[in-house]
Amino acid sequence: MVDPARYPVIPWPRSLEARDGAFAPAAGLTISLADAGNADLQRLAALLRGYLKELAGLDATVGARGGIALALRDDAPPGAESYRLDITTERIELSARDARGLFYGIQTLRQLVAVSGVMTSTLGTRATPVIGVKSRTVS
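In the numbering used here, the protein residues as written are 1 to 139.
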């Protein structure tokens, strides 16, 4: 069973595989894009750079062969807002079929970085929205 305290993320992913170790980004961290000309990927990389700077003090750049990879892929989990986040001791790979999925994957990564600072526990996760409604106000 996965310890939710080790992975404090909301919403909880549909599946999560806990792994030993942690990804510890070093100075010179680079975010690589599967398609450097894709405007959505560029905007999402800028968003991630801002989170890394704010939460961990890391000044990441966008370039080739990065420690963090963002990709739009046809073999990513199906469904709107779905994504695959794979964190190893060497690298973080985030893929989705559309920009919304990458955005939500970045939010999961942001939550992990916010709790741990620079180090992020390794995991393999596949997230798909369980319900379509994100919030509801009850009076």
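None of these hints come from the bench; they were simulated from the model. It is possible that part of the hints are untrue.
What the hints assert, rightly or not - Derived Cβ-Cβ restraints for the label pairs, each shown as a range: (1) Glu-54 x Ala-99: 39 to 49 Å; (2) Arg-19 x Ala-39: 27 to 37 Å; (3) Ala-114 x Ala-26: 27 to 37 Å; (4) Ala-18 x Ala-80: 39 to 49 Å; (5) Ser-15 x Asp-59: 30 to 40 Å; (6) Asp-74 x Ala-5: 28 to 38 Å; (7) Arg-91 x Val-115: 11 to 21 Å; (8) Thr-89 x Ala-5: 27 to 37 Å; (9) Gln-107 x Arg-73: 16 to 26 Å; (10) Leu-47 x Arg-91: 31 to 41 Å; (11) Ala-39 x Ala-5: 13 to 23 Å.
C-beta: ideal position from N, C-alpha, C; glycine also.
query = Which of the stated hints cannot be reconciled with the structure, identified by number in ascending sequence?
reply = As far as the earlier hints go, 1, 3, 4, 8, 10 and 11 are violated by this structure, in ascending order.
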